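These protein sequences, in sequence, are chains A and B.
Under full-length UniProt numbering, the first residue of the first sequence carries the number 1, and numbering increases by one thereafter.
Under full-length UniProt numbering, the first residue of the second sequence carries the number 1, and numbering increases by one thereafter.
Think of the hints as simulated: they come from the structure by calculation, not from any bench.
Owing to the predicted nature of the structure, the values given are computational and were not obtained by experimental measurement.
It is possible that part of the hints are untrue.
[Unchecked claim] These stretches of chain A come out as covered by chain B in the derived footprint (C-beta under 8 Å, 3 or more residues):
{"hint": "1", "region": "29-43"}
{"hint": "2", "region": "57-67"}
{"hint": "3", "region": "108-121"}
{"hint": "4", "region": "190-200"}
The C-beta atom is built at its ideal place from N, Cα and C for all residues, glycine as well.
Number of protein chains: 2
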Amino acid sequence: MQGTAQTPSQPATAYAPTDRTVPTRSPDRASYDRELVHAILDEAYVCHLGFVRDGAPVVLPTLFARVGERLYVHGSTGSRPLRAAGQADPGLPVCLTVTHVDGLVLARSAFHHSINYRSVVVHGVAHDVTDPEEKRQALDALVDHVVPGRAADSRPANKKELAATAVLRLDLDEVSAKLRTGGVNDEPEDLALPHWAGVVPVQKTYGTPIPDPGLAPGTELPGYLP
Amino acid sequence: MQGTAQTPSQPATAYAPTDRTVPTRSPDRASYDRELVHAILDEAYVCHLGFVRDGAPVVLPTLFARVGERLYVHGSTGSRPLRAAGQADPGLPVCLTVTHVDGLVLARSAFHHSINYRSVVVHGVAHDVTDPEEKRQALDALVDHVVPGRAADSRPANKKELAATAVLRLDLDEVSAKLRTGGVNDEPEDLALPHWAGVVPVQKTYGTPIPDPGLAPGTELPGYLP
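Next comes chain A alone, as it looks inside the complex (with noise of 0.2 Å):
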């Protein structure tokens, strides 16, 4: 990773494990590799943004994007998460979470049965982007994000849009990885047993782009598009 604004000097190669990111189950599947956390939030868009609310959880999927070792989360200025972060000082303790399912792992025994997944879990704390420019940096990175290259083929936010949007900054600092790949792991003595036992993929596809019915004349399709 180049150095950026965000980060002025070169970051270390993995995050410093904490108490809360080495987990208790299947500590060989944790990873704090910084290029492979980056990796696994680059390909998602949603993840799921936890926070506490009168004391009880809530889970939330929302859109966010990467900025160097920063995360951003969008929602609108009405939002539960977001009016508690703007009002909360010193910002909102939340957990983020994204997952990539690639494959359903059949053992022969019920027991071995498992997924191949990719996750990443952040722990932090969320703060309101106050400033303009940050504020329309992260939303370029939103948007950006699902499609690399859209922002730039899109109508700007105006003062009343950015204004409406409340944007969530969420430094990559308490962050593990958590993987399993693969294939079955039976026991010696199941491996004779008739049950048919492997992996099957599972991938996320796009399907033929729908463009609206009032496009003006002439838009082709994006080269950018999956």
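Add chain B to chain A, keeping to what the hints say.
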């Protein structure tokens, strides 16, 4: 839905909205329809489970299954939420969220970019399943939720495996769905802009199953695989 042992009387066709299931933003996207909620839940096998640990939110991806009006969440007896639920009395407050991304919505304006999605958010208190028969049924449901028909075609869990597996139960009571469907919502004054606008469908697809190299001779690919 048919009445089951868990729900002896015919349930209402919709969940009753509560303060925390009525969204502050885009309330027109919310639904409490029971069949819709069930369909969204049943199409997924991974949920994001939120709970509070030391006052801070934690969100972890977890396998789950629905049996009537109950959800079951899988975990090791060593995992944090399961231990917390076992220790906590009367149970562990959780928020369980499931999200499907159905499409990328590209508007002419950056502001109106969006995602077509279907999500379900369940608030409640999770309890450790201690009854052996309920636990066995829940584990079958977890396997069948990933691949329908698979539980009957695998070696059932033995006593040691059952003891090593913890299952949490969460009743479907305080529940809402939220959806965005359809096309682009641009401002009238933006319709003539030269930017392509429309929806890119997103789908989950399955690849060719990869058999375990040690399959017993003559083991065929089962018909229930996706």
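Evaluation of the provided hints:
Counting residues of the region 29-43 of chain A whose beta carbon lies closer than 8 Å to any beta carbon of chain B gives 0, which falls short of the minimum of three for the stated coverage. With 6 residues bearing a CB less than 8 Å from a CB of chain B, the region 57-67 of chain A meets the requirement of three and the coverage assertion stands. Beta-carbon proximity to chain B at under 8 Å applies to 9 residues in the region 108-121 of chain A; the threshold of 3 is reached and the given coverage holds. As drawn, the region 190-200 of chain A meets chain B at 11 residues by the rule of a beta-carbon pair under 8 Å; at three or more, the given contact holds.
Against the hints set out earlier in the document, a violation occurs for number 1 only.
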